[in-house]
Amino acid sequence: MAESFLFSLAESFITKVASRAVEEASLALGVYDDLREIKNTVSLIKAVLLDAELKQKQNHELREWLQQIKRVFYDAEDVINDFECEALRKHVVNTSGSIRRKVRRYLSSSNPLVYRLKMAHQIKHVNKRLNKNAAARHNFGLQINDSDNHVVKRRELTHSHVVDSDVIGRDYDKQKIIDLLLQDSGHKSLSVIPIVGIGGLGKTTLAKTVFNDKSLDETFPLKMWVCVSDDFELQHLLVKILNSASVSDATPNLIHEENIKNLDVQQLQTHLRNTLAGKKFLLVLDDVWSEDRVKWIEVKNLLQVGDEGSKVLVTTRSHSIAKMMCTNTSYTLQGLSREDSLSVFVKWAFKEGEEKKYPKLIEIGKEIVQKCGGLPLALRTLGSSLFLKDDIEEWKFVRDNEIWNLPQKEDDILPALKLSFDQLPSYLKRCFACFSLFVKDFHFSNYSVTVLWEALDFLPSPNKGKTLEDVGNQFLHELQSRSFLQDFYVSGNVCVFKLHDLVHDLALYVARDEFQLLKFHNENIIKNVLHLSFTTNDLLGQTPIPAGLRTILFSIRSQQCSFFEQFGIKGNKELKSLPDSVCKLQNLQTLILEGCLKLEKLPNGIGNLISLRQLHITTMQSSFPDKEIAKLTSLEFLSICSCDNLESLLGELELPNLKSLSIIYCGNITSLPLQLIPNVDSLMISNCNKLKLSLGHENAIPRLRLKLLYIESLPQLLSFPQWLQGCADTLHSLFIGHCENLEKLPEWSSTFICLNTLTITNCPKLLSLPDDVHCLPNLECLEMKDCPELCKRYQPKVGHDWPKISHIKQVNIKSSEHEN
Numbered sequence: 000m001a002e003s004f005l006f007s008l009a010e011s012f013i014t015k016v017a018s019r020a021v022e023e024a025s026l027a028l029g030v031y032d033d034l035r036e037i038k039n040t041v042s043l044i045k046a047v048l049l050d051a052e053l054k055q056k057q058n059h060e061l062r063e064w065l066q067q068i069k070r071v072f073y074d075a076e077d078v079i080n081d082f083e084c085e086a087l088r089k090h091v092v093n094t095s096g097s098i099r100r101k102v103r104r105y106l107s108s109s110n111p112l113v114y115r116l117k118m119a120h121q122i123k124h125v126n127k128r129l130n131k132n133a134a135a136r137h138n139f140g141l142q143i144n145d146s147d148n149h150v151v152k153r154r155e156l157t158h159s160h161v162v163d164s165d166v167i168g169r170d171y172d173k174q175k176i177i178d179l180l181l182q183d184s185g186h187k188s189l190s191v192i193p194i195v196g197i198g199g200l201g202k203t204t205l206a207k208t209v210f211n212d213k214s215l216d217e218t219f220p221l222k223m224w225v226c227v228s229d230d231f232e233l234q235h236l237l238v239k240i241l242n243s244a245s246v247s248d249a250t251p252n253l254i255h256e257e258n259i260k261n262l263d264v265q266q267l268q269t270h271l272r273n274t275l276a277g278k279k280f281l282l283v284l285d286d287v288w289s290e291d292r293v294k295w296i297e298v299k300n301l302l303q304v305g306d307e308g309s310k311v312l313v314t315t316r317s318h319s320i321a322k323m324m325c326t327n328t329s330y331t332l333q334g335l336s337r338e339d340s341l342s343v344f345v346k347w348a349f350k351e352g353e354e355k356k357y358p359k360l361i362e363i364g365k366e367i368v369q370k371c372g373g374l375p376l377a378l379r380t381l382g383s384s385l386f387l388k389d390d391i392e393e394w395k396f397v398r399d400n401e402i403w404n405l406p407q408k409e410d411d412i413l414p415a416l417k418l419s420f421d422q423l424p425s426y427l428k429r430c431f432a433c434f435s436l437f438v439k440d441f442h443f444s445n446y447s448v449t450v451l452w453e454a455l456d457f458l459p460s461p462n463k464g465k466t467l468e469d470v471g472n473q474f475l476h477e478l479q480s481r482s483f484l485q486d487f488y489v490s491g492n493v494c495v496f497k498l499h500d501l502v503h504d505l506a507l508y509v510a511r512d513e514f515q516l517l518k519f520h521n522e523n524i525i526k527n528v529l530h531l532s533f534t535t536n537d538l539l540g541q542t543p544i545p546a547g548l549r550t551i552l553f554s555i556r557s558q559q560c561s562f563f564e565q566f567g568i569k570g571n572k573e574l575k576s577l578p579d580s581v582c583k584l585q586n587l588q589t590l591i592l593e594g595c596l597k598l599e600k601l602p603n604g605i606g607n608l609i610s611l612r613q614l615h616i617t618t619m620q621s622s623f624p625d626k627e628i629a630k631l632t633s634l635e636f637l638s639i640c641s642c643d644n645l646e647s648l649l650g651e652l653e654l655p656n657l658k659s660l661s662i663i664y665c666g667n668i669t670s671l672p673l674q675l676i677p678n679v680d681s682l683m684i685s686n687c688n689k690l691k692l693s694l695g696h697e698n699a700i701p702r703l704r705l706k707l708l709y710i711e712s713l714p715q716l717l718s719f720p721q722w723l724q725g726c727a728d729t730l731h732s733l734f735i736g737h738c739e740n741l742e743k744l745p746e747w748s749s750t751f752i753c754l755n756t757l758t759i760t761n762c763p764k765l766l767s768l769p770d771d772v773h774c775l776p777n778l779e780c781l782e783m784k785d786c787p788e789l790c791k792r793y794q795p796k797v798g799h800d801w802p803k804i805s806h807i808k809q810v811n812i813k814s815s816e817h818e819n
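Sequence positions in the sequence shown follow numbering that gives the first Met the number 0 and run 0 to 819.
It is worth saying that the hints were derived from the structure and are not from the lab.
In this text the structure is predicted, and so the values were computed from the model without any measurement.
Even for Gly, the Cβ is constructed at its ideal location relative to N, Cα and C.
Each hint should be verified, as a subset may be incorrect.
[Claimed, not checked] Label-pair distances were calculated between CB atoms; the ranges are:
(1) 463 with 245: 51 to 59 angstroms
(2) 488 with 279: 57 to 65 angstroms
(3) 525 with 575: 38 to 46 angstroms
(4) 625 with 677: 12 to 20 angstroms
(5) 131 with 624: 43 to 51 angstroms
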């Protein structure tokens with residue numbers, strides 16, 4: 000399934016080749032023209048990739064061609080990464096004179112002629128393979144499509160008929176929808192009610208039961224059912240509506256599909272107006288995928304000729320589509336209860352009444368039901384697969400295997416979910432696949448996910464005025480809108496969420512060639528895997544680690560965490576050491592060792608990981624190997640967590656590209672690494688009992704780039720240090736929590752002209768905000784919680800200082816005494 004990522008991989012490669020660093024390196028090595036040729040060839044192949052992806056299922060040779068393209072693309076990317084590594088090696092040598100002799104033995108710059116010949120050979124080899132594959136594209140009759148506008152593979156057309164006995168557990172939902180349809184809509188001629196939810200949830204079935212309910216017949220004399228799917232062209236849609244209206248009126252006046260060309264759009268519009276005029280109708284638009292608002296408004300305007308109170312019932316997987324079409328509140332459909340889920344499963348797994356003969360199978364069936372997460376289609380899929388099978392081992396096989404390892408028919412759950420994946424823009428597909436590296440039920444935060452995406456170079460360059468974090472958050476909201484994410488909770492700039500179990504199965508399915516979550520002792524590491532995650536410490540070292548590996552995650556386990564605990568400890572509590580061979584992975588970009596509480600030290604030679612962009616550390620060391628870490632000049636994200644023995648932090652080393660620094664649960668650290676602060680955009684400090692925020696030169700105010708400052712559980716914090724004035728014109732979000740000795744915020748904090756979100760929680764000695772808080776021009780969200788005197792003073796409408804903050808758009812004040 001990694002072929003689904005090829006378009007975005009090609010785009011990323013083309014962008015990287017055009018970068019200044021690669022251009023300079025290629026000119027210096029005399030291979031500039033060769034790289035230009037590679038870039039042009041990749042562009043030719045990219046132009047037909049989207050069409051190839053759509054056609055590959057029916058063509059084995061085309062699938063094999065895409066596999067070859069994938070391999071050569073990654074080899075080409077490795078060449079580019081090698082250029083970047085070479086530039087970094089030279090930078091390390093030039094800036095680290097004291098360690099030059101130690102690293103000279105592996106630096107290619109000590110023998111530039113050999114390196115130049117090696118790279119020239121690799122580029123020529125890649126170019127030859129690319130040209131061969133580019134020429135082969137003509138064998139498949141592929142269409143050029145260089146814009147990522149995916150068309151969904153059309154689902155089988157639906158109809159309005161339903162057998163009531165097949166519908167279980169939807170009585171409440173049915174009545175709620177009927178109530179919405181019968182609700183007085185005032186003088187509106189048309190109201191739209193979307194039913195929204197993930198594929199396989201039963202939206203169409205629910206709409207059918209509502210459509211056929213006799214209680215609606217009197218209210219809606221005209222009822223029409225239209226399966227929209229991917230076809231939202233006005234002409235086709237009008238014909239479908241008119242045909243359905245003709246059937247409803249029992250007048251055989253159908254406009255057949257083959258006669259569409261005989262009527263132009265104007266004639267169809269006139270016909271529709273005449274059909275609907277003065278009639279109160281119910282129209283079901285089933286399975287809507289189009290996000291084209293212009294087309295929808297055009298259709299909606301034509302439908303408004305009906306009588307007042309006419310309704311349109313829509314089913315869709317997308318909250319964005321629901322919002323675009325909706326005039327009322329949409330109805331988000333939930334999964335079935337456990338009891339109803341078991342009833343559905345039993346209905347499909349047994350002949351009626353025979354389940355009583357197989358109590359042991361029923362017990363296994365209850366465990367299988369849990370895999371389905373309340374999705375009726377999943378229950379039907381797995382139940383049907385076991386119909387007339389009484390072998391207990393076959394039932395255990397279904398229970399113990401991932402759903403994508405089980406046989407699937409065209410209308411089963413995995414194909415239904417994959418439709419949603421196929422509809423994703425290419426830039427979201429690799430991002431979604433990252434979720435496969437984590438165990439089921441893992442609780443994600445937007446921060447941790449966007450950091451990972453950024454470290455893997457999956458995020459495109461942001462537009463002017465935006466950051467990569469903004470792009471990552473936008474991607475998450477797109478996935479949430481398309482029903483891929485659930486339990487989506489937002490507080491200020493932070494959101495937490497999880498994946499439905501079957502969506503996690505989908506992630507495993509689509510990512511299985513490039514991403515691997517290693518869970519079992521007898522499980523082999525995929526030969527060409529790029530991103531690898533371990534669930535237990537003793538799995539590492541069982542098989543050789545692939546040389547092209549780019550990501551290693553160690554023991555990622557879920558934590559039931561609240562918003563304020565999202566940076567808490569998670570990881571492998573038994574891992575004591577890492578093999579030094581890990582440090583030979585010079586393309587490695589992400590290394591997460593957070594929560595490895597028994598890890599005695601970082602591996603020798605960690606400085607060799609010169610492509611590393613993200614590093615999360617937990618060790619038992621009292622100090623870090625500063626000279627090794629100083630070589631990690633590509634490092635952008637550094638998290639130091641639960642290093643209880645750590646006393647000093649990174650000495651005087653500089654990390655010029657560092658954007659985010661987190662220091663969490665490091666009880667013996669007393670001061671910040673002052674030389675790193677001016678570079679970072681995000682600074683998070685939590686549960687460091689001895690840490691003072693002073694930088695040691697309070698008279699000097701450095702110029703800072705901080706946008707996010709998160710401070711929690713710092714008992715030494717009495718007041719804010721002067722150096723924070725340096726981020727007055729950059730700070731967007733400020734969180735202060737559980738600082739029990741913090742007595743005041745400085746008056747100069749009112750100079751934070753970009754501050755958008757301010758959250759203060761559990762600071763009992765903090766009595767007031769700065770007098771000039773009303774001067775913060777961009778403050779839109781203010782939250783105060785469990786600060787008794789502070790909350791009392793600013794209590795909405797009754798607090799003494801409420802007028803100072805009453806202009807802020809969103810104010811949320813909660814305490815044990817006063818709740819709002």
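Quick rundown of the hints versus the structure:
1. 463 with 245: 51 to 59 angstroms: At 54 angstroms between Cβs, range holds.
2. 488 with 279: 57 to 65 angstroms: violated, 40 angstroms
3. 525 with 575: 38 to 46 angstroms: violated, 26 angstroms
4. 625 with 677: 12 to 20 angstroms: Distance hint for residue 625, residue 677 holds at roughly 19 angstroms.
5. 131 with 624: 43 to 51 angstroms: At 46 angstroms between Cβs, range holds.
Taken one by one, the earlier hints fail for this structure at numbers 2 and 3, listed in ascending order.
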